[in-house]
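**Q** Each chain, written out:
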Amino acid sequence: MKLDTSIYLLDWLFILKGAGITLFLCLNAMVFGSILGLIIGTMRTSKLSILKYISGAYIYIIRGTPLLMQLFLVYYGLPVFFRIIVSAYTTALVGLTVYAAAYLAEIVKAGLQSVDKGQKDAAKALGMTSWQEFRSIVLPQALKVIVPPAFGFFIALIKDSSLVAIIGFIELTRSSRMVISRTYQPFTIYLGVAVIYFVICYGLSIISQKYFKANRQDIPKASQPWKTVAIKVS
Amino acid sequence: MGYKIIFSQITPYLPAFLKGLEISIIISLIGMLIGSFIGVFAASGRTSSVYIVNKLVNIYVEIFRNTPLLIQMYLLYFGLAQFDIQISSFISATLALTLNVGAYTAVIFQTGLNAVHKEQREAAYAMGMTSFQTFRYVILPQAFRIVIPPLTNQFISVFLFSSVASTISVRELTYITMNVESITMRTFEVFIITAALYLIVTTVISLLSSIYERSYKY
Numbered sequence: 012m013k014l015d016t017s018i019y020l021l022d023w024l025f026i027l028k029g030a031g032i033t034l035f036l037c038l039n040a041m042v043f044g045s046i047l048g049l050i051i052g053t054m055r056t057s058k059l060s061i062l063k064y065i066s067g068a069y070i071y072i073i074r075g076t077p078l079l080m081q082l083f084l085v086y087y088g089l090p091v092f093f094r095i096i097v098s099a100y101t102t103a104l105v106g107l108t109v110y111a112a113a114y115l116a117e118i119v120k121a122g123l124q125s126v127d128k129g130q131k132d133a134a135k136a137l138g139m140t141s142w143q144e145f146r147s148i149v150l151p152q153a154l155k156v157i158v159p160p161a162f163g164f165f166i167a168l169i170k171d172s173s174l175v176a177i178i179g180f181i182e183l184t185r186s187s188r189m190v191i192s193r194t195y196q197p198f199t200i201y202l203g204v205a206v207i208y209f210v211i212c213y214g215l216s217i218i219s220q221k222y223f224k225a226n227r228q229d230i231p232k233a234s235q236p237w238k239t240v241a242i243k244v245s
Numbered sequence: 067m068g069y070k071i072i073f074s075q076i077t078p079y080l081p082a083f084l085k086g087l088e089i090s091i092i093i094s095l096i097g098m099l100i101g102s103f104i105g106v107f108a109a110s111g112r113t114s115s116v117y118i119v120n121k122l123v124n125i126y127v128e129i130f131r132n133t134p135l136l137i138q139m140y141l142l143y144f145g146l147a148q149f150d151i152q153i154s155s156f157i158s159a160t161l162a163l164t165l166n167v168g169a170y171t172a173v174i175f176q177t178g179l180n181a182v183h184k185e186q187r188e189a190a191y192a193m194g195m196t197s198f199q200t201f202r203y204v205i206l207p208q209a210f211r212i213v214i215p216p217l218t219n220q221f222i223s224v225f226l227f228s229s230v231a232s233t234i235s236v237r238e239l240t241y242i243t244m245n246v247e248s249i250t251m252r253t254f255e256v257f258i259i260t261a262a263l264y265l266i267v268t269t270v271i272s273l274l275s276s277i278y279e280r281s282y283k284y
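Top line first, the protein sequences correspond to chains A and B.
FYI, my numbering numbers position 187 of the first sequence as 198, with every residue one higher than the one before it.
FYI, my numbering numbers position 59 of the second sequence as 125, with every residue one higher than the one before it.
Treat the hints as calculated values from the structure; they're not laboratory data.
Even for Gly, the Cβ is constructed at its ideal location relative to N, Cα and C.
Please note that a few of the clues may not be correct.
[Unchecked claim] Derived list of chain B stretches under chain A, where covered just means 3 residues or more per stretch with a C-beta under 8 Å from a C-beta of chain A: (1) 146–155; (2) 238–246; (3) 255–267.
Can you build the whole structure from these sequences, using the hints too?
**A** Structure below.
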């Protein structure tokens, strides 16, 4: 008997479905990561030193260890420490959210610090509470600085999310491995997967270039990619 | 919770951890050194006026910047096997990392070269320097100072992403971690050691860079 090792259209559709799942996972991780990152980034600029140290330690640890190790820790750690068994999707989402939060917190921090001190003084002079000052004066101006590098991080997250295939979540990379295990044509399939990743990431980067070019002038140094990825040792 | 932390079962494996760390560092050092070398050439290719060179270099940079490192390693390690080309896991991991670094550093070096003012070049020419002298003594030293912080970041991220090599069974730190974890089942202790080792190296890299940067201030 001869094994059928040809690649069918259905195989590619299966892989494309994986691409959809990758995007869905990354969007969710980005949403949760942004919320967490906003909180941690704000803590980082807080006047309370304990909040500052906790958030600083979080950012330092997550950005100083590889994503793969963090994913393994969530994968093996959740059942061992908390005696809960969660789905592969939850594991992947938790891992990516924790990872994204640390990087986004650094971007948020840089954004908040880019707002001129005079703005805060003016808000105080108008009699705003510190929440009002943060909500309607600092945050809107900071967001303008935060969004472009955060979008850049989203593109990087899509590429990094290929690592969740290793802990068994069936997304783009994992689904391609499943097709390969039947067809034995790794080069063809992985090339196709690379093309899919390329189309997504390059497309998004072109969108970001077009959309964020207009207000590039008023983006200060904080949004330069290497400034936001820098690990600060203080 | 009910999880007791016991380190005694891990201690026999400590040399294995260090051996793994050594391989991680070797992979990332090779990747970073050869990759930066490629990056300098690619950066000058991206600013080249020869259309074909410019296009080819741009295609290389965009392809490697917009696909995951994992897929690049899989393509080299598993993919080439389809054509009966077998390369060892260590070489395919290092090769993928090197090409990846080349693409990323190309952009970094390009920014660095662009950041040097045009007047500097003109002044050098006015002094009668050849174009090589201008590049070597005027442009490069200034560009180098600008690219040190982003290059450091690149090095840190290369070191962290060298962990991806464990997926094609290179015996580096993450691979060793998973092995020791499955032998001893001491999840927490194993990960504490690995995290500490990774943190130490990344901290040392950024410390060295900040010391170097400070010595360069004028």
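**Q** For each hint, tell me whether it holds in the structure or not.
**A** Structure-based check of all given hints:
{"no.": "1", "hint": "146–155", "verdict": "holds (count 4)"}
{"no.": "2", "hint": "238–246", "verdict": "holds (count 3)"}
{"no.": "3", "hint": "255–267", "verdict": "holds (count 5)"}
Violated hints: none; the structure is consistent with every hint.
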